[in-house]
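K.L.:
Each residue of the sequence shown is one higher than the one before, starting from 343 at the first, in our numbering.
The reader is advised that the hints may include incorrect statements.
When the alpha-carbon atoms are kept at most 16 Å apart in a straight line, the in silico EDC-like pairs for lysine to aspartate or glutamate are as follows [as the list claims (entries may be wrong)]:
(1) Lys377 / Asp400
(2) Lys360 / Asp393
(3) Lys401 / Glu348
(4) Lys406 / Glu348
Using C-beta positions, here's what the derived DEER-type ranges look like [stated by the list, open to error]:
(5) Lys366 / Lys422: 18 to 28 Å
(6) Tyr350 / Ile408: 17 to 27 Å
(7) Lys360 / Glu420: 16 to 26 Å
(8) Leu394 / Glu374: 12 to 22 Å
(9) Leu387 / Leu415: 19 to 29 Å
(10) Gly352 / Gly414: 18 to 28 Å
(11) Leu370 / Leu403: 18 to 28 Å
(12) Leu376 / Tyr351: 38 to 48 Å
Think of the hints as simulated: they come from the structure by calculation, not from any bench. Glycine is no exception: its CB is placed at the ideal position from the N, C-alpha and C atoms.
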Amino acid sequence: MNILRELYYGNIAEVHRKLPRKNKKLELKLYEELKDKLNEEQLELFIKYVDLYGKRMDKALEDKYIQGFKTGLLIGIETKKLNLDI
């Protein structure tokens, strides 16, 4: 497999990879419990917080992904320069 060719043709797309969601049911249950206990004003504030937190985490994950790619690329470049004549 030629990784660059696969990337070019769109056969590799991390954005479509499903991440494990071990605690999804518990997360949804707790969200519903909390939502039921909040009045309308509190719920609106909570939803704004969750949205803002989600955007921040999304950006942080994007940055980590990009940094990981760059690090891998630098490792590849350095490996290519490696002199294996022993």
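K.L.:
So, for every hint listed, does it hold in this structure?
P.N.:
Right, here's what the structure says about each hint:
The suggested pairing of Lys377 with Asp400 is violated, with an alpha-carbon distance near 23 Å, which exceeds 16 Å. Note on Lys360 and Asp393: the hinted pairing is violated, with a Cα-Cα distance of about 21 Å set against a maximum of 16 Å. Between Lys401 and Glu348 the alpha-carbon distance is near 25 Å, which puts this suggested pair outside the 16 Å criterion. Our distance criterion of 16 Å between C-alpha atoms is broken by Lys406 and Glu348, whose separation comes to about 22 Å.
The hinted range of 18 to 28 Å is not satisfied by Lys366 and Lys422, whose Cβ atoms lie roughly 42 Å apart. With their beta carbons about 19 Å apart, Tyr350 and Ile408 fall inside the hinted range of 17 to 27 Å. Distance hint for Lys360 and Glu420: a CB-CB separation of about 32 Å, inconsistent with the stated range 16 to 26 Å. Between Leu394 and Glu374, the C-beta spacing of about 21 Å keeps the proposed range 12 to 22 Å intact.
Range check, Leu387 to Leu415: Cβ separation about 43 Å, and the 19 to 29 Å hint is violated. Between Gly352 and Gly414 the CB atoms are about 20 Å apart, so this pair conforms to the stated range of 18 to 28 Å. Checked against the given bound of 18 to 28 Å, the beta carbons of Leu370 and Leu403, roughly 21 Å apart, stay inside it. With their beta carbons about 44 Å apart, Leu376 and Tyr351 fall inside the hinted range of 38 to 48 Å.
The structure does not agree with the numbered hints 1, 2, 3, 4, 5, 7 and 9 stated previously, though it agrees with the rest.
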